[in-house]
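Novice: Read off the chains here:
Protein chains: 2
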Amino acid sequence: MKKFINSPDSVLRDALIGVAAAHPSLRIDSDGRVVTRAAATPPGKVALISGGGSGHEPLHGGFVGTGMLDAACPGEVFTSPVPDQMLAAAGTVDSGSGVVFIVKNYTGDVMNFQLAAELAADVGITVETVLVDDDVAVKDSTWTAGRRGTGATVFVEKIAGALAEQGAPIKEVAELGRQVNAASRSFAIALTSCTTPAAGRPGFVLPDDEIEIGVGIHGEPGRRRGKIRPAAELADAMVEAILADMPLSAGDKTIVMLNGLGATPLIELYVLFGEVAARLSEQGVIIARSLVGNYVTSLDMAGASLTVCHADERMLALWDAPVNTPALRWGV
Amino acid sequence: MKKFINSPDSVLRDALIGVAAAHPSLRIDSDGRVVTRAAATPPGKVALISGGGSGHEPLHGGFVGTGMLDAACPGEVFTSPVPDQMLAAAGTVDSGSGVVFIVKNYTGDVMNFQLAAELAADVGITVETVLVDDDVAVKDSTWTAGRRGTGATVFVEKIAGALAEQGAPIKEVAELGRQVNAASRSFAIALTSCTTPAAGRPGFVLPDDEIEIGVGIHGEPGRRRGKIRPAAELADAMVEAILADMPLSAGDKTIVMLNGLGATPLIELYVLFGEVAARLSEQGVIIARSLVGNYVTSLDMAGASLTVCHADERMLALWDAPVNTPALRWGV
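Residue numbers (our numbering), protein chains in the order written: chain R, 479 to 810; chain Z, 479 to 810.
Hints may be right or wrong, so weigh each one.
Note that the list lumps identical chains together, so a pair holds whenever it fits in one copy or between two copies.
[Unchecked claim] Straight-line distance between alpha carbons at most 30 Å, and here's what the computed BS3-like set of lysine-lysine pairs gives:
{"#": "1", "residue 1": "K705", "residue 2": "K617"}
{"#": "2", "residue 1": "K480", "residue 2": "K705"}
{"#": "3", "residue 1": "K731", "residue 2": "K480"}
{"#": "4", "residue 1": "K705", "residue 2": "K731"}
{"#": "5", "residue 1": "K480", "residue 2": "K617"}
{"#": "6", "residue 1": "K705", "residue 2": "K649"}
{"#": "7", "residue 1": "K480", "residue 2": "K649"}
{"#": "8", "residue 1": "K731", "residue 2": "K617"}
Worth flagging that the hints you see were computed from the coordinates, not collected in a lab. All values derive from a computational prediction rather than experimental measurement.
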């Protein structure tokens, strides 16, 4: 295993020290493993907290900042954060208007955020939870009951975060987050496995000409393996999987994210995005906004995920609202 | 070879179609292979043009937009663009105030930009050239006479681009670009090789426990190979190589980019950046601004480059000026 680490045991702590050095707009508790904005939550503002296993950077710490998250709780690589992290984060960022937990649907995450919500309620903090479960590849999988939560997390955090910044009450922020999740679908294809620092070897092995279709963001198996094919055909498969689950009509507006899983060159993501855009255009579907790049990664996995949100005008306006985080920044 | 491509021959063209679909703020001539801003150059504004082989994305097309480049000319993967591309770009973006060519120091690039400058002069376009040669690893290398041009290109394009946006005359814009290059140094370490679509196999092979120290952005050999070591020791080696060539004193302000070469997980870049920041801090050197992420890549190479610019207050102020490109965006 060749990685830029000091030891497999210290990866998260060492990375948080680097995040602190790079981003003065964030406050990092590297012992408690909580990332918050450096500025306190303004009175009346609902706070958004997310978290999950590390190894998916920039998710979630890279989305902390004005217009998006108030706090992120990173677990060890591919391991859920513990309830104490979310409880500490809630205590730090709650202004009295409550906190919204944004939780990717993995069994460990769901359980630990649920425990944290109960502990927070015990100390008088109002908590609403938004569950993200956008991956259409499989119904239940290695680490989930129900669908996995992946790329739609970025859309939920951005759009609900913008509404919270406007001072909306907690029920409304959480409800919009649920609407964004309900309007979003994802599907991923892996060309290679990934290697966690602790394991030191790939989680699975794909032959030189095979890909994993419908892979999860921890390398969990997808629908099937198949031969590598031209980008146009892979784009077909991704778009078809999503539209089969969420039909779209001509004139529908979407936010589309073509996300690299960590080791995919940007030039390849653009090739694939061009094909995705062509498929959607054939259906008359409008790509109103897009992201192409690495946003929800799986360490050093080569591959890509496609996330499509069927967005209404309110969602689009909130998407465009100012955001100032390490990984998404505009309007400020 | 497993890549998201349709065929090795169509990678650049297909990628440009994707760039066009993703970024309405750009205008893409996918036949002529020129990326420009969708908006015409305002009268009186000097235009900045860069370019080079593809495979380094987001460089250069990802840096076209307000506050940075006016045009980018992508060659085939790891192959210089041809003079006709730069001539066409100059004809498109020159407002009458002249164009500045920003050229990474590779023999093919230098020759082709020089030819383009002569052709442009023939049709009455004023051209100044800024050569970027920041890589301290080797004096001459596979593709260069003199030092290679790498990460400092981002600093030159951003800072000179901001000055051009303010309406400065061409001599001043070019002179500042040269100053930024002179104040910048880079050094890179590769953990793996990269695979071009045309070759279909890695350009070189590194044993499972070896790294290339001082590697170039096309996988050109560096200073030596060595065993993989902890991130703290690799950061030492990178910082030492740069400071040996450009001594810095306590209190000096810098812009620091810790750049992923394509396949390096962001969590590892943060681990390495934390160590780099600690080394610089021990010397009293101030990291006034920083970038951590993939900005000048080598396809799917795992590795990282460190670029340090010894910045004066003018450079810092221009760094902070608004920029609106696919890969760098703030203040707008």
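Novice: Please go over all the hints and tell whether each is borne out by the structure.
Specialist: Here is how each hint holds up against the structure:
With identical chains, the CA atoms of K705 and K617 are at most 30 Å apart within one copy only, with a shortest distance of 23 Å there and 44 Å across copies. In this homomeric assembly, K480 and K705 come within 30 Å of each other (Cα to Cα) both inside a single copy, at 28 Å, and across copies, at 10 Å. In this assembly of identical chains, the alpha carbons of K731 and K480 never lie at most 30 Å apart, being 43 Å within a copy and 32 Å across copies at closest. When the C-alpha separation of K705 and K731 is checked against a cutoff of 30 Å, the pair qualifies neither within a copy, at 33 Å, nor between copies, at 52 Å.
In this homomeric assembly, K480 and K617 come within 30 Å of each other (Cα to Cα) only across copies, at 28 Å, whereas the closest approach inside a single copy is 35 Å. For the identical chains of this complex, K705 and K649 are neighbours neither inside a copy (46 Å) nor across copies (55 Å), given an alpha-carbon limit of 30 Å. Proximity of K480 and K649 under a CA criterion of 30 Å is satisfied in neither setting, with 46 Å inside one chain copy and 46 Å between copies. Only within a single protomer do K731 and K617 lie at most 30 Å apart by alpha-carbon distance; the minimum there is 26 Å, versus 53 Å between protomers.
Of the numbered hints given earlier, the model fails hints 3, 4, 6 and 7; all others are met.
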